[in-house]
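4 protein chains.
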Amino acid sequence: MKSIGVGLIGTGFMGKCHALAWNAVATVFPDVARPRLVHLGEADGELAHRRATELGFARASGDWRKVIADPEVDVVSLTTPNQFHPEMAIAALEAGKHLWCEKPMAPHFAEAEAMRDAARKAGKAAVLGYNYIQSPAIRQIGRLLAEKKVGDLNHMRIEMDEDFMADAETPFGWKHEAASGYGALDDFAVHPLSLIAVLFGRVLRVVCDMAKPYPDRALADGGRRPVETWDIASALMKLENGMSGTLLVNRSAWGRKGRIALQIFGSKGSILFDQERFNEFQLYVTSDEPTEQGYRTVLAGPQHEPYGAFVPAPGHGLGFNDLKVVECRELIRRIEGDRQARTIGFDEGLEIERTVHAMARSHEQGGWVNVR
Amino acid sequence: MKSIGVGLIGTGFMGKCHALAWNAVATVFPDVARPRLVHLGEADGELAHRRATELGFARASGDWRKVIADPEVDVVSLTTPNQFHPEMAIAALEAGKHLWCEKPMAPHFAEAEAMRDAARKAGKAAVLGYNYIQSPAIRQIGRLLAEKKVGDLNHMRIEMDEDFMADAETPFGWKHEAASGYGALDDFAVHPLSLIAVLFGRVLRVVCDMAKPYPDRALADGGRRPVETWDIASALMKLENGMSGTLLVNRSAWGRKGRIALQIFGSKGSILFDQERFNEFQLYVTSDEPTEQGYRTVLAGPQHEPYGAFVPAPGHGLGFNDLKVVECRELIRRIEGDRQARTIGFDEGLEIERTVHAMARSHEQGGWVNVR
Amino acid sequence: MKSIGVGLIGTGFMGKCHALAWNAVATVFPDVARPRLVHLGEADGELAHRRATELGFARASGDWRKVIADPEVDVVSLTTPNQFHPEMAIAALEAGKHLWCEKPMAPHFAEAEAMRDAARKAGKAAVLGYNYIQSPAIRQIGRLLAEKKVGDLNHMRIEMDEDFMADAETPFGWKHEAASGYGALDDFAVHPLSLIAVLFGRVLRVVCDMAKPYPDRALADGGRRPVETWDIASALMKLENGMSGTLLVNRSAWGRKGRIALQIFGSKGSILFDQERFNEFQLYVTSDEPTEQGYRTVLAGPQHEPYGAFVPAPGHGLGFNDLKVVECRELIRRIEGDRQARTIGFDEGLEIERTVHAMARSHEQGGWVNVR
Amino acid sequence: MKSIGVGLIGTGFMGKCHALAWNAVATVFPDVARPRLVHLGEADGELAHRRATELGFARASGDWRKVIADPEVDVVSLTTPNQFHPEMAIAALEAGKHLWCEKPMAPHFAEAEAMRDAARKAGKAAVLGYNYIQSPAIRQIGRLLAEKKVGDLNHMRIEMDEDFMADAETPFGWKHEAASGYGALDDFAVHPLSLIAVLFGRVLRVVCDMAKPYPDRALADGGRRPVETWDIASALMKLENGMSGTLLVNRSAWGRKGRIALQIFGSKGSILFDQERFNEFQLYVTSDEPTEQGYRTVLAGPQHEPYGAFVPAPGHGLGFNDLKVVECRELIRRIEGDRQARTIGFDEGLEIERTVHAMARSHEQGGWVNVR
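Residue numbers (my numbering), protein chains in the order written: chain F, -4 to 367; chain A, -4 to 367; chain E, -4 to 367; chain W, -4 to 367.
Source of the hints: derived by calculation from the structure; they are not laboratory data.
Heads up, a few of these hints could be off.
When chains are identical, the list treats them as one kind, so a pair holds in a single copy or across two.
As the list claims (entries may be wrong) - Result set (DSS-like, lysine-lysine): computed pairs, CA atoms no more than 30 Å apart in a straight line:
1) 144 <-> 263
2) 116 <-> -3
3) 143 <-> 263
This structure is a prediction, so every number in the text was calculated from the model and none was measured.
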């Protein structure tokens, strides 16, 4: 394919991560043409130019609309805070650009729906940044499930925990305001839901409970303000495929740094995974001799696609940023029209958001709710 | 104190375990007088005599009432199937015997209440076999919580999983009949609830969902019969102390053998524990240097009471049966009137059963229920 | 068989452990007659009587010769400090008693040889307390090796580490005197060597280096005295079966509590084990699918003999003291003339001591030495 | 600084890894100018051009001398097989280029010495590819040792194991010929020695034993040929700083994929590390409460430099290729004259090779040898 022109809007955690991915993708994957880093947008021109130098972009603007308007830009990486996603995403799609948008789609479901509609109308690739689905271990788990290696699935549990909100002394910030969303549901639950989507399918019903460890937090001026978001959310769920399961998230979980712990139970075995050690997974199968049955700790290696594109030796390990490189490659495949590309587009993404809003609704109403 | 005369009714898994405990308790704990193994009861006289020889009891009867009537018997170990507990327990208490009764109390709440009433009336020690509360690690965790080592608690998760029901080929048996109870709720949930009771206190509200991986199982005669019990139960809960939490149990969880996994989150740290490796626990505290914070894997040793009564060297490990020895010692302390003894009596046990029935009710009704 | 009369000499760590084993063995193993705890010997009569009450022995003496002379004593448990082993062991054997002697045999090789000669002459069971060979996991590993599950063996590594000598502030004691032996070689190396003996066979050649972290230690009177023993010993070795290997021990290894870490490499897989988690082992086999190869963590269960005699449910765990119960049962089998009993007798024990002395000689001479 | 022009010779495992590093370094580290990928050399021109396109280099040559002669090339990445290092490295240095040379330096010590001399004479940066010293965890361990967090060091053990030679059916190849070097000593031992160099300093004396699991291997024509190299090497050692230690390597260790296991013992604690999980390390300190002492599993995060340059969130994990990006950044700092740069230059590298040759000499001679 011809080289792709890249525009990047936003240069925080995910902005740098996207830049690294665009930079590396063609070197890692021999079948991908080298993208051109064309135009970077930031909140003001000075910052934009500094970042463009750092991240290797040719041009910079203090106005994101110029990035979208740039005729050399074929695809826009959108990494701004969630609240800006709808306007920017829709504008990019309407301008005929492909779109790589960080998750979640938008604070409000109606906005996410409008984004989905714009993507459908534009007919362009519109891919969300659910990078955890891209690891060699999760892909291998997906293959094992498809092969029924652990038999017919009947139950799953998934947890996502970090501790960036765990400190009671952290002052009140924008993530404690209701305007930022529900809290851990938006920050975290969407990630496990992306894994549920690729591994198991749709969620039908949920009952959810949310909690806040600290009811108020200190203000800069010395007072305290009630916290409006929820750091903890726990849900029971029924899936369309007949499985039952639980989804538990906590962004105030001291000691957890990047945990996404998955337990999958089937009629012939089980599978465990933890994102904190995402270069391995654990497999238990009943076909092993009774005296030798146990969880196998499988270290990712070249036999687990696409590990080998990064390192030819097993057990050497990919990093978090490498997952974004894989995602970028899948995005490019999607842009090229490859239907086998492993991405979460705006249709599937909307389903994830629908489930999140159902969980919040369940908490408010105090009982089971249908996702649809 | 004077030597205690012991009667044992039932000689299955727990019967042998009680016998081992009565045998060892005085050798392990120097402050305990050596119990006399007086009278063993089994379903028929021949079996009773064989078991009495094997387990070291002086007398044997094919009628459990003779054990209870034996004037040399001071305390009765009751290890028969749950459905026999009410009649036997009440008879023993009415005969003025102390009672060590395996968990859970009874299939029906009214029966458990009657047992509780009998215990109150008799004024004798009536202790339930919740041995998991006795391990050095769980006791140390209790001390850490009391010292607020991890700050104010805000959330907990507890799971209990084994795989003895995981094989779809296992034929229909009595544990699949509704008469045996709810399923995993009786078999498993009571154990985590005993830990919740000693570590956190009472449960106020629950919402619970149950599932059965295999809707029917093979009968001996070649047909199939619907399974009436539930192997999986998942619950969200609110505790009296303000914590929220989850309790997840599964007796069809391939690969899990004796898992009771506990996660405790507080404002200053967190604690992890897994019964499959019950000689250790994990502690994370925010008072460690930021560059050196991490879960400490603490191996049980003599500094964790009562490990040292078994082995003076750390890291050598206690076994499952040792927990029952500790429980037996606490029972003897209770018999001697020691109010500091760490036991779960019939009052606390009834509270556990109340919660189990509330969980079942929640599943039936499809929403949150109050435990009381 | 008829009941065995037991005499116990010494009531420290191992003395209590033997008493617990004699107490429990017949209850755990249905095929063993209940031993009678006849006569306990300690350094003085008052202590002896106190301990006899605590440990459940019928008689007590302040003179160990009376224990040996007691006609009701069939077997003597010898758990005194190593230096007393030769005189007591030889006297017991000459008195026609069976003998259960704690390891190692004696500080000096000639003494150990004399013990071996006495055992041969007496024709009685003479068994050493190498309990680590008795665990279900180690036995299962032995079976796997015999079945060539990991192919032809080519290399092994074994480490044993604890930290009871790790504190630089611990004052000078008898274990720092040369009279107590070499140090970690006597305390620790004999245990890994017992595992090597049962799993792989004899050691042919060794090169060993010893080290002491603290050259001197404080005396009670305020001065300091040079340490004469070695806390650390490291050796390379060649085995009779063609394997090469390493044996590394350290009793000043902060953080290690009861580690005996074993790595076994063969042409078709490998096996790992650590005594700190001795209810599990790890198995890697090349016959697993390439995408699913990994170390299986196998939890001990009833399928791993003799676990089931203790607990019928897998994953519940044995404790350190349980290993001594197994050893006691094997001793009784040996007394009964069962040649299949799994014990380390004085012949095999002498071979272990021979290797230890060869290691010390290698350190002194600074090069490889032959064991024989 | 001004932009650096890069030449790359060799495009295998390490060649691609260098290319990725040159590509990413300026995006990851804001203080580094973006390198220009100028000229790629491969064995023939066609391959060179293909690789140049894949890896993003502007020019390509089938003759490595043209890369070195290219005036736009400031630094040469040398990733060809070891035997070519001496000629190419010396030519590059003589041409006034900086040099990034993969480890080890050369098969023969005299060649390595000549390379070291050339580097000294040229006065250019000459850095070896010892990337394992660059991980945030190893750097943090270095800081902890410098702060005496675990007290005075007295002992260390280090192991490096993989299984790429473990299959007995792998046919005879160039790595089985003596011309390729000693075997595991060259492939592996140099890596642990690089860690010893940065963490502890120089090795004084060694005794080493080598072994080969498979004495011969199949030839393509059907016969078998004796294996001339050694897959296993085990050594005891004395360090200049007074520590004793062991270095054990095995490239036929089934189940091991990228293990570099380090154990460090001091008077106040200990540290563990394993490269298979290089985003974490374990720390045991005696300053923790006795009831709470245990190995802390510390997950790498932004507090462990230079993790934060890659990901601002802890516990998300770096990958193997990221270590090479760090190394590349340190190389650039070295080129810029920064004496604080963390690199292993040709002087330190020669010391590592000297130790390797001493180990081989010890094996041949059968005893202890001095490194110098």
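Against the structure, the hints:
1. 144 <-> 263: both (7 Å within a copy, 23 Å between copies)
2. 116 <-> -3: within (24 Å within a copy, 47 Å between copies)
3. 143 <-> 263: both (8 Å within a copy, 27 Å between copies)
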